[in-house]
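Enquirer: Here is how the chains run, residue by residue.
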Amino acid sequence: MNELLNVSSNPHIRDNQTTSKIMLDVLIALIPATIFGVYNFGTRALLVILITVAASITSEAVYDLIMKKKLTIGDLSGTVTGLLLALNLPPDLPIWIAILGAVFAIIVVKMIFGGLGQNFMNPALGARCFLLLSFTGQMTRFTLDGVTTATPLYHMKNGGAYDVMKMFIGTTAGTIGETSTLAILIGGVYLLIKRIIDFRIPVFYIGTFTLFAIIYSAANGGVDFKFVAGQLCGGGLMLGAWFMATDYVTSPITPNGKIVFGICLGLLTGCFRMLASSTAAPEGVSYAIIFCNLLVPLIEKITIPKSFGKEAKKS
Amino acid sequence: MSILTFKGGIHPYEGKELSKDDPIAEYNPKCDVAVAMSQHIGAPAKPIVKKGDAVLVGQLIGEASGFVSANVHSPVSGTVKAIEKRLLVNGSKSECVIIENDGNFNEIEYEHPKPYEELSKEEIISLIKKAGIVGMGGAGFPTHVKLSPKEPDQIDYIIVNGSECEPYLTSDYRRLIEEPEILVAGLKIMLRLFDNAKGIIAIEDNKSDAIKKINELVKEEKNIEVSKLYTKYPQGAERMLIYAVTKRKINSLKLPADAGCIVDNVDTVFGIYHAVACGKPLVRRVITVTGDAICHPQNFLVPIGTNQRELIEAAGGFKSEPQKIISGGPMMGMAMSTLDVPVVKTSSALLCYIKDPLVDITQTNCINCGRCVNVCPGRVLPSRLAKFSARGDMESFLKYDGLECCECGCCSYVCPAKINLTQAIKTMRKQALANRKK
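Chains as they are written, first to last, in the working numbering: chain A, 1 to 315; chain B, 1 to 438.
None of these hints come from the bench; they were simulated from the model. The structure presented is a predicted model; accordingly, all values stated were derived computationally and were not measured. Even glycine gets a Cβ: it sits at the ideal position worked out from N, Cα and C. Honestly, I wouldn't trust all of these hints.
Away from chain B, derived, C-beta distances all over 10 Å, residues of chain A [claimed, not checked]:
id, residue
1, A54
2, T58
3, I66
4, G115
5, F135
6, G146
7, F168
8, V189
9, I214
Pairs of lysine-lysine residues, derived as DSS-like cross-links and limited to a Cα-Cα distance of at most 30 Å, are as follows [to be verified]:
id, chain 1, residue 1, chain 2, residue 2
10, B, K426, A, K306
11, B, K254, B, K146
12, B, K146, A, K306
13, B, K222, B, K212
14, B, K7, A, K301
My request is simple: use the sequences and hints to build the entire structure.
Expert: In structure tokens:
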């Protein structure tokens, strides 16, 4: 027998979960929202999705190549970023803007900070906000069935009519992947069941936001549950709460930090949506999330868990 | 019966079916044995034999050299061939008494003590000390020291750790179902030392037959109970076990006795029984020889000092050339660079893998997923601690309670980026503990 045995420090076994399997599960969870987006907005939306994803993967590969790094596209995080960005874009966005967004997300927000795990801001949302500021017109022009229409949130803010059932199902105007609350919830439940995400962030985010909406409507002439439901189903809240705020890299690692993070998000989103001036955009999820991304180090600092038996230390 | 547990932990593949069904086989070594003088925590024993001396089974060959130390006895009969440094499984070299085994296993005349019901506390402790009993779960802490806490009246629980949460290990299980009456008798002896204590035999619920058997045995006993534990790793870690059974929490600065508990492993309790009831020293232990590379995985009752290579042959040899061999379980055991090391009092298993489970694994960036935080029984932040360790930041490491890590390995096990978190934390803990001693 040859005596060339392998040695290592304990433990000597690992479970079979890997980063790329987690990312694959996120992609699977996004399938319902993606399919619904294509169904709702047509092949133009499919084109935006495919090009954005392709541009994301390509930019990561090119960056790795130029910087002479190991190719990292296999971890699928670039694919997730591309798909999430696409789902946050209007279906009729000029293709070159979509490509620019993908390059910005991958190169500027993710890769130059050191790649996956090092970015301090959600890449897809960072890119979306960059595009919103740079191409406000194109980014806020929403079409449905070839007609330019205002989003339900816009109607809610400006006293127009809105149909909550339609908003729940998703046959309304908006970005490609945000309109269907139902499709997003299916994906969210999948992520919970597969234990990819922790319930704390989405539950406390949506919960806080719901309370905020109830109090806001109560202060403005009585609790209006149709308004609250509309706020929940409208805009990017669901997509943001289940898929963007739960991004591991840019959310707190501590269990209590996740709760604080969710509450901050709910409050900020409420402020942006309901307390901002009437000329401001009716949406605020993206800004709320990237702002809270910046708070993560602080949140973690104040929520370090008590280690086992620490209570007993003093006695 | 409620099922007790703790927060965190993992469910790795158990692998116990490989070796759990065959009875413990007594194995008598054919070759020389190497009996290490340092098989326990504390000062090494001093050899009291010299080259050429004839020894018998059970004869004292190494004398404890301090309070925290333990006697060592000859496991075979024969002639002392040499006293020299030999490599042990933990990578250190220890002084060993090498005995040429005559194969007869002639025993010394044991002094039969009085029935244990008539012995005083001091007599019991001294018998345990004389027999060289140490914690056989892995730590190797001298048992007579553990059983002499500052305030014995404060001890209200004696917990026998029968959780055996390490995958692949079945030696405690076999002990439990083959000779449960000895375990109960051993526990009764321990209970004689503590007037206010209650005996708890804690067993994971994957060993339901053992739970049933022992429950049956202790039905009539007033102060002995069986606790059913949820099967989860590291249920048998001392602090997790104490918490599961008593809901008391201790941190790394405390001893179980501070929470009114004494915890001993199953095989240790067997050792206590033989020492006190029969006057026999600890010269053999049960070891699980298992893994997919072994032809007939099973448990052996082997003399301490047996060359571990012999055990492979005893278990039918290798099915296929192994790539990795571990002394102990896969979670906390030590990878071996060679099989030519002797069995010591703390050797619980010999686990042989055809393929190293870590060989195809590549490490990637931490994605902050928090899985390590969720499974950590010490409730610390493993990914942060590992980063502090990597950059040598001792101050932050201590601030984030790095010392509360019990090195169970759960964080490394679940990490999807396959980062060696436990290894990194262990490295810095060692440093921190060394500083603490200064």
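Enquirer: Next step is simple, just say for each hint if it's right about the structure.
Expert: Going down the list of hints, with the structure as the test:
1. A54: holds, 23 Å
2. T58: holds, 21 Å
3. I66: The assertion about I66 of chain A holds, with a minimum of 19 Å to chain B.
4. G115: G115 of chain A not clear of chain B: closest Cβ-Cβ about 6 Å, inside 10 Å.
5. F135: holds, 30 Å
6. G146: Consistent with the label, G146 of chain A stays out of reach of chain B, its closest Cβ about 41 Å off (over 10 Å).
7. F168: The claim stands: F168 of chain A keeps its Cβ more than 10 Å from every Cβ of chain B (closest is about 31 Å).
8. V189: Holds: least Cβ distance 19 Å, greater than 10 Å.
9. I214: holds, 31 Å
10. B:K426 / A:K306: Holds: K426 of chain B and K306 of chain A sit about 20 Å apart, inside 30 Å.
11. B:K254 / B:K146: holds, 13 Å
12. B:K146 / A:K306: holds, 29 Å
13. B:K222 / B:K212: With a Cα-Cα distance of about 17 Å, the restraint between K222 of chain B and K212 of chain B holds, given a limit of 30 Å.
14. B:K7 / A:K301: holds, 22 Å
Checked against the numbered hints above, the structure violates only hint 4.
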